[in-house]
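Participant: Sequence:
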Amino acid sequence: MQYNKIYTAVLWAMVISVGSLKAQAVRRDTSDTGIPQDRRLIDSVVVHGRTQVQEVNRQPYNVTALDAKSLHNTTLDLSHALDRVSGVRVRETGGVGSNINFSLNGFSGNHVRFFLDGVPIDNMGTSFQINNIPINFADRVEVYKGVVPIWLGSDALGGAVNIVSSRNIGNYVDVSYSYGSFNTHRTAINAGMTSKTGFTLQLSAFQNYSDNNYWVTLDEASDASGQYFRNQRLRRFHDQYHNETLVAKLGVVNKAYADRLLLGMTVGQNYKEMQTGARMASVFGDWHRRGNLLMPSLTYQKKDLLLEGLDVTLNANYNFGEERSIDTVALRYYWIGEPTETGRGGGERDGGLYRYRNNNGLATATVNYRINENQQVTLNNVFNTFDRKGENELNPNQARYNVPKKTNKNILGAGYIYDVADKWNISVFGKFYHQTAVTDTLGTDPATKQEFYQEARKSHNYFGYGTAASYFLNPKLQLKGSYEKSIRLPESDELYGDVENLEGNYRLKPESSHNANLGLSYFVSLHDAHHFSFSGSAIYRYSTDYIYRILNNNQSKYVPANLDGVSNMGGDVEVRYSFRDLLIAGANFTYQNVRNEQKYEPGYTSISPVYQDRMPNLPYAFGNADASLFLKDFGGKGNRLSIGYNLLYVHQFYLYWPSRGGDKKFVPQQLAHDANITYTMQNGRYNIALECKNLTDALLYDNFSLQKPSRGFYIKFRYFLHNQ
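Per the UniProt record's numbering: the sequence shown ends with 724, consecutive numbering throughout.
Please note that a few of the clues may not be correct.
As the list claims (entries may be wrong) - In silico lysine-lysine, DSS-like type, Cα no more than 27 Å apart, as pairs:
| hint | residue 1 | residue 2 |
| --- | --- | --- |
| 1 | K485 | K389 |
| 2 | K476 | K406 |
| 3 | K69 | K637 |
| 4 | K255 | K196 |
| 5 | K69 | K249 |
| 6 | K69 | K632 |
| 7 | K458 | K485 |
| 8 | K637 | K509 |
| 9 | K196 | K249 |
| 10 | K406 | K458 |
| 11 | K485 | K599 |
| 12 | K599 | K664 |
| 13 | K485 | K509 |
| 14 | K557 | K664 |
| 15 | K632 | K557 |
| 16 | K476 | K423 |
| 17 | K389 | K557 |
| 18 | K665 | K599 |
| 19 | K406 | K389 |
| 20 | K557 | K458 |
| 21 | K557 | K509 |
| 22 | K557 | K406 |
| 23 | K509 | K406 |
| 24 | K196 | K302 |
| 25 | K664 | K69 |
| 26 | K557 | K665 |
Treat the hints as calculated values from the structure; they're not laboratory data.
Generate the whole structure from the sequences, applying the supplied hints.
Facilitator: Pasting the structure below:
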């Protein structure tokens with residue numbers, strides 16, 4: 001607690017210092033130099049009267065841009081904001097800080113890659129994840145479904161999410177605090193300044209805290225005597241979470257040698273108590289996890305380097321952070337009554353005090369050359385390194401904790417774009433993928449039957465390619481099409497486990513996929529008062545060696561595994577309406593038919609009984625709806641009152657294969673209602689918001705038996721000052 005007090009005091013000192021700086025009118029280049037021309041146009045303030053979000057949506061890719069600034073007065077984090085995007089389903093195992101599974105058009109988890117300002121964030125650890133980053137951290141969020149642009153260098157199989165951080169010009173301070181049910185506290189601070197000499201300082205900080213002691217309803221719960229009690233409504237008692245993160249960048253802008261040259265440091269910490277395993281029946285009362293983040297970074301951008309039209313962007317970072325899994329109390333906990341001693345030593349699950357570092361490093365380079373007004377070529381390279389080192393401090397000689405766990409990954413991409421502004425655009429690209437993984441695997445001496453560890457090394461090289469095109473039939477109607485042969489290399493956590501609820505599987509094979517997308521968008525205005533927009537897309541995916549998660553034998557952890565083939569045909573639609581500046585409303589719906597295409601199971605010659613079954617434990621039909629009413633100059637000029645409503649619907653889906661067994665457990669239908677009211681004063685300088693989440697106090701499940709929070713109430717205060 002003392003650390004948190006010091007941390008908070010330091011943050012407030014920085015905000016006061018930045019806020020007291022004299023306002024300086026500074027001209028600043030806000031373009032994303034070093035990436036393709038069409039991409040840099042997006043980050044101009046207005047292009048032909050269109051907003052940045054509209055420019056993103058006009059790309060030839062199947063992309064949806066979320067305007068994060070319109071949500072800055074809400075208590076949402078990035079994951080809950082993304083859950084409102086068509087095609088997206090964010091599944092949680094609990095409340096604040098719980099594990100999430102991000103699904104995009106049927107592809108989930110590591111099939112989808114995340115970026116911050118075009119830089120992968122895979123290596124930032126548990127202190128910097130989309131479910132603990134406040135919405136105020138971003139200006140917008142771009143969701144690429146299926147085919148991913150070449151400048152986002154990655155091995156994404158199902159798409160990518162690019163978080164575009166706040167880039168206010170001049171001097172600014174944005175501070176917010178929220179409090180709500182289950183003793184939930186959230187704070188977000190964004191501040192920055194740029195001098196006339198080009199010196200710039202940017203600070204972002206945020207914290208989340210929650211006891212997560214919400215009510216859950218269990219079909220049956222036991223006590224130490226083994227007696228079961230049915231239909232119990234109980235509070236979670238070991239689910240506290242908190243995290244604190246600071247992102248600081250210092251450097252220069254608009255110099256002859258660099259448009260942006262920034263040295264950065266990201267520091268953070270998190271604490272998470274484990275209430276359950278993969279099922280509510282696995283109850284814990286002492287096991288917890290701690291982690292910290294210490295990551296220096298470098299950013300360099302220069303437009304027209306050495307010759308006109310040659311733009312370069314370089315990024316590098318290294319995470320020195322540490323993670324700890326602390327399971328040292330030999331007690332068994334129950335939902336009802338007191339815990340009992342296990343009598344076997346160790347801990348509640350595996351037992352131990354495991355401390356480890358993943359030693360993640362990242363380096364990216366993007367070179368873009370504009371041949372002429374219509375043509376450009378791009379070269380992008382991303383290199384990742386992973387080297388987990390750790391030990392069980394209670395048993396430092398335990399061999400399984402000392403085996404090497406190393407991964408190196410490199411992705412090289414090249415692309416060509418031909419663009420006729422506001423008419424048509426076509427791009428083609430190719431990628432080369434490489435991965436090397438090294439560890440020790442358990443073997444058995446055939447003579448002595450003794451087990452021993454032996455080095456295992458594997459290396460993969462693959463090629464991928466794709467294209468994307470768009471055509472405007474008229475200024476209001478756009479058609480899109482894209483195709484990609486993509487490769488997804490296994491992540492380090494999938495190979496070696498995450499030391500929590502995921503076991504490693506070193507035998508995992510890389511997966512590949514054919515991704516095709518068709519889409520259209522239409523916009524029309526009537527009498528400059530009524531505005532309608534419609535967008536729709538159809539998708540087709542066929543993946544081989546598809547990586548998915550199954551429960552292990554005792555159903556306490558998940559294990560990644562390969563399937564020979566998986567297909568997906570589906571689509572999503574979205575309709576939006578606005579009336580002047582008084583009303584906005586919209587709805588979207590997604591359907592995805594993800595099927596198992598593995599005809600024969602290993603060791604069998606007969607056709608698998610689950611061949612062409614719908615993939616289990618995966619939502620296939622879901623949607624969102626929202627409406628907001630705005631009252632301008634309510635209570636005074638420059639003030640505004642808004643009243644909003646959001647609906648989430650998820651159709652029920654099976655936990656296991658539908659064709660296997662008579663006991664077809666399923667995750668029930670979700671119907672969640674949220675409401676909010678926001679009052680802004682002095683054109684957005686002062687803001688206060690009230691929210692109610694899960695308005696009807698419904699039983700909500702994203703995963704089988706793992707209940708989400710019951711009804712909660714929240715209040716948020718925000719102050720924003722911007723001197724340009």
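Participant: Please work out if K196 and K302 have their alpha carbons no farther apart than 27 Å.
Facilitator: holds, 19 Å
Participant: When you check the alpha-carbon spacing of K476 and K406, does it fall within 27 Å?
Facilitator: violated, 51 Å
Participant: When you check the alpha-carbon spacing of K665 and K599, does it fall within 27 Å?
Facilitator: Since the Cα atoms of K665 and K599 sit roughly 24 Å apart, the hinted pair holds (cutoff 27 Å).
Participant: Taking 27 Å as the top limit, are the C-alpha atoms of K664 and K69 close enough?
Facilitator: violated, 43 Å
Participant: Given the proposed pairing of K406 with K389, does the C-alpha separation stay at or below 27 Å?
Facilitator: Roughly 9 Å separates the two Cα atoms, so the pair holds.
Participant: Quickly compare the C-alpha distance for K406 and K458 to 27 Å and report which way the hint goes.
Facilitator: holds, 11 Å
Participant: If you draw a straight line from the CA of K485 to the CA of K509, is it 27 Å or shorter?
Facilitator: holds, 17 Å
Participant: Compare the distance between the alpha carbons of K485 and K389 with 27 Å, and conclude whether the hinted pair is satisfied.
Facilitator: violated, 35 Å
Participant: Run the distance test for K196 versus K249: straight-line Cα separation, threshold 27 Å.
Facilitator: Cα-Cα ~17 Å, so holds.
Participant: Is K458 close enough to K485, meaning Cα to Cα at most 27 Å?
Facilitator: holds, 23 Å
Participant: Given the hint that K69 pairs with K632, does the C-alpha gap stay at or below 27 Å?
Facilitator: This hinted pair holds, its Cα atoms lying about 18 Å apart.
Participant: Within 27 Å, alpha carbon to alpha carbon, are K255 and K196?
Facilitator: At roughly 11 Å apart (the allowed maximum being 27 Å), K196 and K255 satisfy the hint.
The structure fails hints 1, 2, 8, 15, 25 (numbered hints given earlier, in ascending order).
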